[in-house]
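What follows is the residue order along each chain.
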Amino acid sequence: MAVTKPLGLLVCISLLLSALTPARAAVLPEDRADVMYHSYDGGGVKIDGPAVLVRKSVTDDVSVSAQYYVDEISGASIDVEVLASEYAEERTQYDVGADYLLNKTIISLGYSNSTENDYEADTYSLGISQDFFGDLSTLSLSFALGNDTVKKSTDPLFEEDKTTQSYQFSWTQVMTKNLLMNFIYHVITDEGYLNNPYRSYRFMNNGSVGWLTEKYPETRTSHAFAVRGRYFMPYRAAFGFEYRRFNDTWGINAYNMDLSYTHPWGEHWIFDVHYRYYSQSDADFYSDLFPSADFQNYMGRDKELSTFTNNTIGFKVSYEIDTGWSHDWLEKASVTLAWDILSLDYENFHDARRDDLPPGTEPLYNFDADVVRFFISAWF
Amino acid sequence: MLNTMPARRRIKHSHLYPLLALLGLLILSGCSPIKPWVKPYERNNLADPIMSFSMDPVEAGYMHHVYQAREAARGAEGGGGGGCGCN
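Which chain is which? The protein sequence lines are H and W, in order.
Read in order, the letters of the first sequence correspond to residues 1 to 380 in our numbering.
Read in order, the letters of the second sequence correspond to residues 1 to 87 in our numbering.
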């Protein structure tokens, strides 16, 4: 029942929009294939692997896509170093999707499956997008339903469920002949087991430190609003900006902003640089060190729930080859290398590896991460 | 003293005028098609691939995943997003 109502609402809105707006030619996404190697290296953890994304029109009004993605995880994060030993695991994700062009509307359907030895996630999505006001505006509505199963590799009997519902409203607007803007409002609700079953909180226990499995609320609802824009410079280059605000029922408030600059060079090169700043406050039930084991109902020590900032600077360079084979199967190809450096500074998460210091007096934790993407793209 | 309440009402009503004007505009816009203020032949710059919010969907989706795994904020990432599957 929870699914039927939003789907019905989306279909009704779509039919209403179709009836009210003048005829236009909506466009399906372009046919394209990407093969990517990705790597994340930071905080003692290395995650890398391949990703392949293929999108192809099968008829004039239907385009399908498929993605294969792997995360090979190795090393030990600070949490693991404190309480467990180094590990290696793999996450595999498959996505399939279809876009259907119906007069002035594009209807999108998607399914995603992600598998780890201790986590399984299935996500179903439906989206409706429509251009109107003489193609100057695009309204998109989307709904997704996720069913996850949380397991624990050290306990074969442990199995918990988590359900996620996501509602997104997006409005893209042509402001001038050089400025494009996009506004998004996104609500996500989770219900079920939201802990990480391996992570523990620490507490004072008669002058020494104790550790127990975290206790999280069983629901979470978050609201995110973003405004982003792209501005075409007087010469051929683009300036981009983004501002996003976030809050949730766990008491976390966050915002981020991003400034980017894209500069083509000659016929083949495209250079891109961006800077992103992210800041968040901690969750109501977060503490680096609780005064006692049963201090309150919910207790967590996940550093992602603490107060921290993330500064990111990124570079990207693409080399594009126009094959001139437009009559043949391959129109264009490109090779891209992108590198981002993340710097995370925690304001109330201490480095508990320093057991030579009294609890709570250890230095604050921080780390840098390198995120590299190398991919080859083909348009056909 | 006698004029206090009517003055307050006037102030409150004056706040409504722009809203009523906007509402009227929206109603009128429903009756006749809005003329695009950027003509189709003026959209060359907007159609340039460098103006795309997500030039490379596979890479954009991956970066959303990286940020979602490291930060509490989620959602409103724009195109190219996908399932997280991270714990």
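Bear in mind the hints are in silico, worked out from the structure with no lab data behind them.
Computed from a predicted model, the values in this text were never measured in an experiment.
Don't take each hint at face value.
For the chain W half of the interface with chain H, some residues (derived, Cβ under 7 Å), not all of them [claimed, not checked]:
{"id": "1", "residue": "20"}
{"id": "2", "residue": "38"}
{"id": "3", "residue": "42"}
{"id": "4", "residue": "45"}
{"id": "5", "residue": "47"}
{"id": "6", "residue": "51"}
{"id": "7", "residue": "59"}
{"id": "8", "residue": "62"}
{"id": "9", "residue": "71"}
With a straight-line cut-off of 25 Å between C-alpha atoms, the simulated SDA-like cross-links for lysine to any residue are [said to hold, decoys possible]:
{"id": "10", "chain 1": "W", "residue 1": "39", "chain 2": "H", "residue 2": "151"}
{"id": "11", "chain 1": "W", "residue 1": "39", "chain 2": "H", "residue 2": "113"}
{"id": "12", "chain 1": "H", "residue 1": "332", "chain 2": "W", "residue 2": "20"}
{"id": "13", "chain 1": "W", "residue 1": "39", "chain 2": "H", "residue 2": "56"}
{"id": "14", "chain 1": "H", "residue 1": "332", "chain 2": "W", "residue 2": "43"}
{"id": "15", "chain 1": "H", "residue 1": "177", "chain 2": "W", "residue 2": "66"}
{"id": "16", "chain 1": "W", "residue 1": "35", "chain 2": "H", "residue 2": "178"}
{"id": "17", "chain 1": "W", "residue 1": "35", "chain 2": "H", "residue 2": "46"}
{"id": "18", "chain 1": "H", "residue 1": "56", "chain 2": "W", "residue 2": "67"}
{"id": "19", "chain 1": "H", "residue 1": "104", "chain 2": "W", "residue 2": "53"}
{"id": "20", "chain 1": "H", "residue 1": "46", "chain 2": "W", "residue 2": "50"}
{"id": "21", "chain 1": "H", "residue 1": "332", "chain 2": "W", "residue 2": "39"}
{"id": "22", "chain 1": "H", "residue 1": "177", "chain 2": "W", "residue 2": "69"}
{"id": "23", "chain 1": "H", "residue 1": "104", "chain 2": "W", "residue 2": "46"}
{"id": "24", "chain 1": "H", "residue 1": "151", "chain 2": "W", "residue 2": "50"}
{"id": "25", "chain 1": "H", "residue 1": "332", "chain 2": "W", "residue 2": "38"}
{"id": "26", "chain 1": "H", "residue 1": "177", "chain 2": "H", "residue 2": "265"}
{"id": "27", "chain 1": "H", "residue 1": "104", "chain 2": "H", "residue 2": "151"}
{"id": "28", "chain 1": "H", "residue 1": "162", "chain 2": "H", "residue 2": "284"}
{"id": "29", "chain 1": "W", "residue 1": "39", "chain 2": "H", "residue 2": "284"}
{"id": "30", "chain 1": "W", "residue 1": "35", "chain 2": "H", "residue 2": "265"}
{"id": "31", "chain 1": "H", "residue 1": "177", "chain 2": "W", "residue 2": "78"}
{"id": "32", "chain 1": "H", "residue 1": "151", "chain 2": "H", "residue 2": "178"}
Distance windows between CB atoms, simulated [unchecked claim]:
{"id": "33", "chain 1": "W", "residue 1": "44", "chain 2": "H", "residue 2": "81", "range": "51 to 57 Å"}
{"id": "34", "chain 1": "H", "residue 1": "292", "chain 2": "W", "residue 2": "54", "range": "21 to 27 Å"}
{"id": "35", "chain 1": "W", "residue 1": "41", "chain 2": "H", "residue 2": "44", "range": "52 to 58 Å"}
{"id": "36", "chain 1": "H", "residue 1": "94", "chain 2": "W", "residue 2": "48", "range": "30 to 36 Å"}
{"id": "37", "chain 1": "W", "residue 1": "41", "chain 2": "H", "residue 2": "28", "range": "30 to 36 Å"}
{"id": "38", "chain 1": "H", "residue 1": "124", "chain 2": "W", "residue 2": "48", "range": "23 to 29 Å"}
{"id": "39", "chain 1": "H", "residue 1": "187", "chain 2": "W", "residue 2": "41", "range": "52 to 58 Å"}
{"id": "40", "chain 1": "W", "residue 1": "48", "chain 2": "H", "residue 2": "296", "range": "53 to 59 Å"}
Each residue gets a CB set at the ideal place from its N, CA and C atoms; glycine is no exception.
Would the hint linking residue 162 of chain H and residue 284 of chain H be met if the CA-CA limit is 25 Å?
holds, 21 Å
Compare the distance between the alpha carbons of residue 104 of chain H and residue 151 of chain H with 25 Å, and conclude whether the hinted pair is satisfied.
Roughly 44 Å separates the two Cα atoms, so the pair is violated.
When the least beta-carbon distance from residue 38 of chain W to chain H is tested against 7 Å, hint result
With Cβ-Cβ at 5 Å, under 7 Å, it holds.
Holds or violated: 23 to 29 Å for the Cβ distance of residue 124 of chain H and residue 48 of chain W?
violated, 35 Å
Need the status of pair residue 332 of chain H, residue 43 of chain W: alpha-carbon distance at most 25 Å?
Since the Cα atoms of residue 332 of chain H and residue 43 of chain W sit roughly 22 Å apart, the hinted pair holds (cutoff 25 Å).
Take the C-alpha atoms of residue 104 of chain H and residue 46 of chain W, compute the straight-line distance between them, and say whether it is at most 25 Å.
This hinted pair holds, its Cα atoms lying about 20 Å apart.
Just to be sure I understand the hint, the distance between the Cβ atoms of residue 48 of chain W and residue 296 of chain H should be within 53 to 59 Å; is that true here?
Holds: the Cβ-Cβ distance is about 54 Å, inside 53 to 59 Å.
Residue 187 of chain H versus residue 41 of chain W beta-carbon gap, inside 52 to 58 Å or not
violated, 39 Å
Are the Cα positions of residue 177 of chain H and residue 78 of chain W separated by 25 Å at most?
It holds: about 22 Å lies between the C-alpha atoms, which stays within 25 Å.
Regarding the pair residue 46 of chain H and residue 50 of chain W, is the alpha-carbon distance no greater than 25 Å?
violated, 31 Å
Verify the interface restraint on residue 71 of chain W: the C-beta must sit less than 7 Å from at least one C-beta of chain H.
holds, 6 Å
Has the given pair, residue 39 of chain W with residue 113 of chain H, been kept, meaning a C-alpha gap of at most 25 Å?
violated, 43 Å
Violated hints, in rising order: 1, 5, 10, 11, 12, 13, 15, 17, 18, 20, 21, 22, 24, 25, 27, 29, 30, 32, 34, 37, 38, 39; the structure is consistent with all others.
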